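Following the hints, put chain B in place on chain A, whose structure we already have.
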Amino acid sequence: MKKLIVLGVVAGFVALLACYGRDALGLYRLMDHIATSSEAKEADSGSWPRLTDACIGCHGRQGHSLHQGYPSLAGQPAPYLASQLRRFASGERSNPNMGPLAMTLTEYEIQQLAGYFARQSAIGNGSFKPEAALVARGEQLAATAGCAACHGDNLMGHDQFPRLAGQGHDYLLAQLNAFAQGSRKDPGGVMSAIAATLSADDRRALAHYLAALAPAEN
Amino acid sequence: MAGKRTSTPYLDLKRRQMLKFAGASAAIGGFGLCSGLASASESTRPGDDAEDVLDVAIIGAGLAGLTAARDLHLAGNRSFLVLEARDRVGGRTLNFEVGDGHVSEVGGQWIGPGQTAVQDLARQLDVGTFPQFYEGRTVVMGGDGRLEYDLGGTFGTDMTIADKLSEMSHEVPSGAPWQSPKAAEWDRLSVGDWLATQNVQPEDQSGWDAALTLTGGVSVSKMGLLHYLSMINSADCDYEKLDSIKDSAQGTRLIGGSQILSSKMAGVLGDQVRLQCPVRRISGWDGEVVTLHTDQGRVRARKVIMAIHPALCNQIEYEPALPAARAALQRAWPAHSPARKIAMVYSRPFWREKGLNGHILMLDGPIIWAWDNSPPDGEIGIVNAFISNANLPSDHETARRTLMDIFARAWGDEALQPVAYHDQDWGRHDPWSLTCVSAIPPGFWSTHGEALHPPCGNLFWSGTETADIWAGYMDGAVRSGHQSALQVLNALRQA
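Chains as they are written, first to last, in UniProt numbering: chain A, 1 to 218; chain B, 1 to 495.
Here chain A stands alone, though its shape is the one from the complex (with noise of 0.2 Å):
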């Protein structure tokens, strides 16, 4: 029974070929589009409605932003980003945008959408055009500054710590501004010490390295 149905169903392609060519290829293009990459997306993040359907807009596909503004949260370790979420939706992490959402998320969602995007890989920055100059400069001063001290090997974050390699540029040089001025605080204050000391063409040389450093295998 089953295989007369698909019979039937191949027929009337056929016919359908014959009749609009081109048009019919687009279409069982598309229907074949559809069919993959609900399948994809579910053995990717579960059955629809997906909560991290919530997220794509600004932070891109499975966490791959385009964007240098919104920042990529793909293969960020699962720690920071639900603490992040926790800070924004507290206040100690001051965001328009990101507040009222954050307050929304149970426990329960904010271990869920950390896990989501910590499993994740991550995905190197194609978007952005790096200028030689900066990106030199930038990483002297990631070398003196230490940030693998505290960000790990090739910058790939761990636990409390984000993965900076292949961020978004306007992202990073957003924050380094904001902890140099105090609108942005780590619990430690180690980076607020760090961003006082460099001078805001520092701060766009280490954004513009960090931004153009291809994420390591992980």
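Simulated from the structure, these hints should not be mistaken for laboratory data. Predicted model only: the values in this text are computed from it and were never measured. It is possible that part of the hints are untrue.
The following label-pair restraints were derived from C-beta to C-beta distances [what the hints assert, rightly or not]:
1) A:Ser47 x B:Asp144: 24 to 32 Å
2) A:Pro130 x B:Ser7: 47 to 55 Å
3) A:Ala196 x B:Glu288: 41 to 49 Å
4) B:Asp430 x A:Gly146: 32 to 40 Å
5) A:Gln160 x B:His73: 55 to 63 Å
6) A:Tyr108 x B:Ile255: 50 to 58 Å
7) A:Ala196 x B:Ala325: 51 to 59 Å
8) B:Gln417 x A:Asp23: 19 to 27 Å
9) B:Thr129 x A:Ala196: 54 to 62 Å
Quick reminder that beta carbons are idealized off the backbone N, C-alpha and C, glycines included.
Relative to chain A, chain B alone:
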């Protein structure tokens, strides 16, 4: 890269000529909007003397604030000021000047059936309307797939599900969803929770997420069911009047672009609209005279109309602190829908000659919905699109090329020859909007609803979010402006 929002390779010369013309008009009067710091020679302007006490100060020169100001003016009151943080009026409406007198909106732009407040205002201001173009085939894209289909001026929604929502919406009053007899049951649920019980097929799932993202500000999982039903209630309890094109809230456009409503109202008010004047602190709101601390000094007024988004109200410092319930509402008010909208301009709407309507629905791509936003006569071709913010590079040129290539796949190689491109990301351009519509989550109205309308001392809450019908729309903004003008006039009478 953040700075560049427009590229007009062929229109730069035209633009320089236009700017010259604009400079000349400003010199002979123009709108007469004042900006910059008050100087001694201008000290006769109302509110300049710190000892002056105005009847009314209005915060925000968007549609709500300017409608309120216009009503006060029509009532004969001249003792008011409109304080605007930006260097322009119009709030979340914004015209992109294409050149040769053509415009495309890159903010709020449509009106529709039942939106009688904004329709009346347009008639009074002598602003004409015309239908959103939809005749022809829409292109649906996903992966390598492409389908041309005549949707007849709709988004192709599964009407069996939409009809159920319309029916349910009868029980959720648009202006006060928390008063619905079903509030306890429905405010616990997201739209996604409810759709999960409706056997939505895989090919329709993306459609619901896209529809809710555009109309509600977030995908189905974080959109409150009670709030969404209140939006359908605004649309005369008819889903299609909310979320379709023909005979719907996306069905009608304003000649001259939607920002023209605000520009015209501000033009009459002259220097009673003060630009680049953000309010940072409000003191004494519980006393007889309220003091507004702005970047251009203090302004004192008996009554204050707060014609700004609740999340922006939350950024102002209040002395004394606001009542706990109102403060909690402002702090929790969602602002995570920073729409990114683009306009691509062509010398003519070439797609129309192929039977295409210039609309694209895209699955899993940077475009959520693109549509033909050409001027009424179709003299030039303009495509607008809602963009999934982080799924298109922020780099201006890369974004332009990516979109051009998609348009070429949809409509042919003529799409590779645009004459201008504009990219407006409302979440990043300036801090004075934060968000487009309000993605009210489950539970919000049950917790915070009662704090939405009651004035706090001499602060009167306005803005489209407070409207009794069409909250979140331009029509709601106009309604809230009328409402707050009535409220302050009555309060002044009683004082």
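Here is what the structure says about each hint:
no.	hint	verdict
1	A:Ser47 x B:Asp144: 24 to 32 Å	25 Å, holds
2	A:Pro130 x B:Ser7: 47 to 55 Å	22 Å, violated
3	A:Ala196 x B:Glu288: 41 to 49 Å	45 Å, holds
4	B:Asp430 x A:Gly146: 32 to 40 Å	36 Å, holds
5	A:Gln160 x B:His73: 55 to 63 Å	56 Å, holds
6	A:Tyr108 x B:Ile255: 50 to 58 Å	51 Å, holds
7	A:Ala196 x B:Ala325: 51 to 59 Å	39 Å, violated
8	B:Gln417 x A:Asp23: 19 to 27 Å	25 Å, holds
9	B:Thr129 x A:Ala196: 54 to 62 Å	55 Å, holds
In the structure shown, a violation is registered for the earlier hints numbered 2, 7, in ascending order.
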